[in-house]
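Given the coordinates of chain A, assemble chain B onto it according to the supplied hints.
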Amino acid sequence: MAQKMTIKKVGIPKSLYYFFYPDLWKTFFETLEIEVILSESTSRKTIELASSVAESENCLPIKLFDAHILELIDKVDVLFVPRIISTIKKHCSCPKLSVLPDVARILAPGKVITFEINENKIKLISSLQKFAQELGFSNSIAKKAANRAVNATKKHTEEKEQSKKTEASFFIVSHPYNLYDDYITGPVIKKLKKMNISYEIIEFKKEKRKKDAIRWDTCGEMNDNLFQLDPEKCKGVIQISSFNCGCDSVMLETSRSVLKEKSIPFIVLIIDEHSALAGVDTRLEAFIDSVRWKNEQNCNS
Amino acid sequence: MKKKVYLGVDVGSISINLLVIDSNDTVLFDSYIRGQGNPIAAVQKGLKELEQNIPDDVEISGVCVTGSGRSLIGAVVGADIIKNEIMAHARAAIHLHPDVQTILEIGGQDSKVTIIRDGVVVDFAMNLVCAAGTGSFLDSQAKRLDISIDELSNKSVLSENPTDIAGRCTVFAESDMIHKQQVGHKQEDILMGLCHAMVRNYLSNVCRGKEIKTPILLQGGISANKGIGRAFSEALKADITIPQYNMVMGAFGAALIAKNATIKQTRFRGFDIADHSIATGSFKCKDCSNLCEVIEILDSNEVIGRSGGRCGKWENSYETT
Numbered sequence: 001m002a003q004k005m006t007i008k009k010v011g012i013p014k015s016l017y018y019f020f021y022p023d024l025w026k027t028f029f030e031t032l033e034i035e036v037i038l039s040e041s042t043s044r045k046t047i048e049l050a051s052s053v054a055e056s057e058n059c060l061p062i063k064l065f066d067a068h069i070l071e072l073i074d075k076v077d078v079l080f081v082p083r084i085i086s087t088i089k090k091h092c093s094c095p096k097l098s099v100l101p102d103v104a105r106i107l108a109p110g111k112v113i114t115f116e117i118n119e120n121k122i123k124l125i126s127s128l129q130k131f132a133q134e135l136g137f138s139n140s141i142a143k144k145a146a147n148r149a150v151n152a153t154k155k156h157t158e159e160k161e162q163s164k165k166t167e168a169s170f171f172i173v174s175h176p177y178n179l180y181d182d183y184i185t186g187p188v189i190k191k192l193k194k195m196n197i198s199y200e201i202i203e204f205k206k207e208k209r210k211k212d213a214i215r216w217d218t219c220g221e222m223n224d225n226l227f228q229l230d231p232e233k234c235k236g237v238i239q240i241s242s243f244n245c246g247c248d249s250v251m252l253e254t255s256r257s258v259l260k261e262k263s264i265p266f267i268v269l270i271i272d273e274h275s276a277l278a279g280v281d282t283r284l285e286a287f288i289d290s291v292r293w294k295n296e297q298n299c300n301s
Numbered sequence: 001m002k003k004k005v006y007l008g009v010d011v012g013s014i015s016i017n018l019l020v021i022d023s024n025d026t027v028l029f030d031s032y033i034r035g036q037g038n039p040i041a042a043v044q045k046g047l048k049e050l051e052q053n054i055p056d057d058v059e060i061s062g063v064c065v066t067g068s069g070r071s072l073i074g075a076v077v078g079a080d081i082i083k084n085e086i087m088a089h090a091r092a093a094i095h096l097h098p099d100v101q102t103i104l105e106i107g108g109q110d111s112k113v114t115i116i117r118d119g120v121v122v123d124f125a126m127n128l129v130c131a132a133g134t135g136s137f138l139d140s141q142a143k144r145l146d147i148s149i150d151e152l153s154n155k156s157v158l159s160e161n162p163t164d165i166a167g168r169c170t171v172f173a174e175s176d177m178i179h180k181q182q183v184g185h186k187q188e189d190i191l192m193g194l195c196h197a198m199v200r201n202y203l204s205n206v207c208r209g210k211e212i213k214t215p216i217l218l219q220g221g222i223s224a225n226k227g228i229g230r231a232f233s234e235a236l237k238a239d240i241t242i243p244q245y246n247m248v249m250g251a252f253g254a255a256l257i258a259k260n261a262t263i264k265q266t267r268f269r270g271f272d273i274a275d276h277s278i279a280t281g282s283f284k285c286k287d288c289s290n291l292c293e294v295i296e297i298l299d300s301n302e303v304i305g306r307s308g309g310r311c312g313k314w315e316n317s318y319e320t321t
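Residue numbers (my numbering), protein chains in the order written: chain A, 1 to 301; chain B, 1 to 321.
Hints were generated in silico from the structure; no laboratory data involved. It is possible that some hints are incorrect.
Unchecked claim - Here are the simulated BS3-like pairs of lysine-lysine, each with C-alpha atoms no more than 27 Å apart in a straight line: (1) B:286 - A:191; (2) B:210 - A:260; (3) A:233 - B:210; (4) B:264 - A:194; (5) A:235 - B:213; (6) B:186 - B:226; (7) A:193 - B:286; (8) B:143 - A:194; (9) A:26 - A:130; (10) A:45 - B:284; (11) A:121 - A:206; (12) B:313 - A:194; (13) A:191 - B:213; (14) B:226 - A:262; (15) A:193 - B:284; (16) A:208 - A:262; (17) B:155 - A:193; (18) B:213 - A:262; (19) A:130 - A:96; (20) A:75 - B:286; (21) B:284 - A:190; (22) B:155 - B:226; (23) A:294 - B:210; (24) A:89 - A:9; (25) B:186 - A:194; (26) A:205 - A:262.
As the list claims (entries may be wrong) - Pulled from the structure, derived: some chain A residues nowhere near chain B, Cβ distances all over 10 Å: (27) 19; (28) 73; (29) 95; (30) 110; (31) 113; (32) 138; (33) 144; (34) 229; (35) 281.
To be verified - Derived DEER-like restraints, expressed as beta-carbon distance ranges: (36) B:151 - A:203: 54 to 60 Å; (37) B:59 - A:45: 48 to 54 Å; (38) A:75 - B:208: 41 to 47 Å; (39) A:189 - B:174: 38 to 44 Å; (40) B:147 - A:230: 54 to 60 Å.
Backbone N, C-alpha and C fix where the C-beta goes; we use that ideal spot for every residue, glycine too.
Just chain B, same shape as in the assembly:
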């Protein structure tokens, strides 16, 4: 009999992450793929890689999809469970660090803080409409300085006198940064200043009113950035732990959720969907004045899922719970 393994998929705005665990919670495979605006192609690429890299004697016995694109990709891969990313990140964090009390998680478009006490999520908060306190802020500033995000990470921690940069809004930050460049501040000081600005922004917007206790885990795409870790540590005057699998914690949590659920027969559609031609289409429902945009997912011209629409009549094949 084949060994049972469980797949977790995290579909974020920047990356698609896949992770597979066996029934002993050992990680057999993990990948971080930049989605570049096409999550379907990215997940197909991820599945192909996965197929090539896991042993032959295993069988995917459960799939959980999380992240902001969870319902779309859930339909594509055939998810057994579709779970919000806050719970997925928390599961993984508690699994690796049972004593964790705070999770700081910054993604591409979302940033969240999750408060945990005694191994249970007791409170959380997410950023509002603006992306100023999220990963895209650093991405766009790095682009503006014409350096890679890795360089930003390595250079920022060399700073001895971080420059003060207004970070309330990316537009203000940019003009402030240009000014600082022109008056001759060192690049590493400007970079560290950016990290401080972002962290300050995140702490005052997302974490307002939250009791941040140690141990504190920093996870999500941005946790790879050394400057951000340093900025958090200085702002909170506390040690910041970057967990193993920091980049793919959402997918790890999803895999754990899939494993712990009682799934009799997985709905996983198999590795060969990587070769299918999967597309999305949309139409405007004209049945009422709401004129909802309904999204359809088509696998070789067959509708495998629909979403959108306020009344719910189009959501036939997959739902988020």
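So that you can see chain A by itself, here it is in the shape it has in the complex:
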């Protein structure tokens, strides 16, 4: 057994994997009696820091990751940054997620703790347990932490499922780190509420999927969700995509074709750090107007 490290405070950036696995990391470290410090939610300040330090060719979520890490560095003993290879068996994740610890080490040398998430090789619950052991915890404590952590995220998803209200007319899709970051999705939701539009946000279940599914984990789940939409109920789909997203550049065309086949109106909103809300407002208004107009026409004829 490895020498137990004395970690009092671990920092977790509220970006990327934080949104992939809600409640999981906090539960895990707290069971190990390590205090968890989360970075503050993304704000204008985060965006400004991100655009001043991050490589300009990157997508917004990756830039934000850098800023969240920087915010935490001086507040914690270590930063937790997993290496994400795959979150669903037989699938792979965005390749940028597989080098996050390496990037974090440049920003915070000697302060990064990491383990590999690769469902192709080993289940998350087992890799978590191994990780806790590597940090110097006993078998039984490691097992307890891994179990609790995985259950916490399961519970979170179940509660969300149950709290679902009546059927929504518009469906919002994006990667989890865009969708659940209020700073990114907030303006879209605010606008929809203002226009009295009922909406639903895609859930990521990380369940086993069909053989012919798209093998990029989040893209595949988004695509599956679009496939299941009922054109009778769903009036439109809004996809939020970050400028320069490599996965989306390949996958948007599949969303478009799936929805075209179903005759469901579709719009892509591109986001970047310039936060041009006027653009989002105009596009969303016109999108909703066109859908309403079409429905009125159908009702009249």
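For chain B alone, coordinates are given in the frame of chain A:
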């Protein structure tokens, strides 16, 4: 009793357009004013002109404001409806050409394509962050060649052998254009080349994946440019229709929207706002770490509207719907 008329205002990045229709959809007044970065002064000028040019026996009974500056100017004039420009342009296009299937609309900073089937908007797209496929591209190139935009329009159509110019980015286009000048290409060929570059750019960026069917209308400020019409027609191998009121279609659509809405009592603030001293101010809200810039519109030091701020608490008096 006074005759009811309806005012449409389109506040774009380059121009402010006003148009008034009566209850039979007849256009009584239209104007196209270059804003020069001061939309408030431009709309005041427009209102003054309007007051002088419409008959005395009419009364503004509804106002709709559209365009990228719609919320600001909406508060200034007292809009009953604030509508996005895509819907406004589509209303006017369908009104004048009920069989229209595609609207190509290029403005100063925005360019859009709107797909219409059976008189209803079914799809649209707008340019992304870059202004390369918009009117400002031609404006800046004309400036660089030291000719007016009218000359550009008239000269470009004389070209027999348009020069190939890289138009993906204004910076590249400029260096390419300088090179072509230096190796001796005729000016009209270069100008037509620019039009082709812009149209190519627009078609590959904005119209990607869209089914462009005839009848096709070309509207917005750039539709006055003959070279652009020719370039579209050649690229799409189709006839391009430039509608009547092509320069002010957004304002026309807005006026139609105002007329068709049920407005009991207009919020129009009257022609005398042209003489008010209206200014904008701003402050940084420090209530959270977003530090939003909040814009205030002041009419003789009284706040008539606020905008900006992510949380929405400052947007008290006017909103876009």
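Each hint, compared with the structure:
{"no.": "1", "hint": "B:286 - A:191", "result": "holds, 23 Å"}
{"no.": "2", "hint": "B:210 - A:260", "result": "holds, 11 Å"}
{"no.": "3", "hint": "A:233 - B:210", "result": "holds, 25 Å"}
{"no.": "4", "hint": "B:264 - A:194", "result": "holds, 23 Å"}
{"no.": "5", "hint": "A:235 - B:213", "result": "holds, 24 Å"}
{"no.": "6", "hint": "B:186 - B:226", "result": "holds, 18 Å"}
{"no.": "7", "hint": "A:193 - B:286", "result": "holds, 25 Å"}
{"no.": "8", "hint": "B:143 - A:194", "result": "violated, 43 Å"}
{"no.": "9", "hint": "A:26 - A:130", "result": "holds, 17 Å"}
{"no.": "10", "hint": "A:45 - B:284", "result": "holds, 13 Å"}
{"no.": "11", "hint": "A:121 - A:206", "result": "holds, 16 Å"}
{"no.": "12", "hint": "B:313 - A:194", "result": "holds, 13 Å"}
{"no.": "13", "hint": "A:191 - B:213", "result": "violated, 32 Å"}
{"no.": "14", "hint": "B:226 - A:262", "result": "violated, 40 Å"}
{"no.": "15", "hint": "A:193 - B:284", "result": "holds, 25 Å"}
{"no.": "16", "hint": "A:208 - A:262", "result": "holds, 25 Å"}
{"no.": "17", "hint": "B:155 - A:193", "result": "violated, 51 Å"}
{"no.": "18", "hint": "B:213 - A:262", "result": "holds, 21 Å"}
{"no.": "19", "hint": "A:130 - A:96", "result": "holds, 24 Å"}
{"no.": "20", "hint": "A:75 - B:286", "result": "holds, 24 Å"}
{"no.": "21", "hint": "B:284 - A:190", "result": "holds, 21 Å"}
{"no.": "22", "hint": "B:155 - B:226", "result": "holds, 9 Å"}
{"no.": "23", "hint": "A:294 - B:210", "result": "holds, 18 Å"}
{"no.": "24", "hint": "A:89 - A:9", "result": "violated, 32 Å"}
{"no.": "25", "hint": "B:186 - A:194", "result": "violated, 55 Å"}
{"no.": "26", "hint": "A:205 - A:262", "result": "holds, 24 Å"}
{"no.": "27", "hint": "19", "result": "holds, 19 Å"}
{"no.": "28", "hint": "73", "result": "holds, 18 Å"}
{"no.": "29", "hint": "95", "result": "holds, 24 Å"}
{"no.": "30", "hint": "110", "result": "holds, 29 Å"}
{"no.": "31", "hint": "113", "result": "holds, 28 Å"}
{"no.": "32", "hint": "138", "result": "holds, 41 Å"}
{"no.": "33", "hint": "144", "result": "holds, 37 Å"}
{"no.": "34", "hint": "229", "result": "holds, 18 Å"}
{"no.": "35", "hint": "281", "result": "violated, 6 Å"}
{"no.": "36", "hint": "B:151 - A:203: 54 to 60 Å", "result": "holds, 59 Å"}
{"no.": "37", "hint": "B:59 - A:45: 48 to 54 Å", "result": "holds, 51 Å"}
{"no.": "38", "hint": "A:75 - B:208: 41 to 47 Å", "result": "holds, 45 Å"}
{"no.": "39", "hint": "A:189 - B:174: 38 to 44 Å", "result": "holds, 41 Å"}
{"no.": "40", "hint": "B:147 - A:230: 54 to 60 Å", "result": "holds, 57 Å"}
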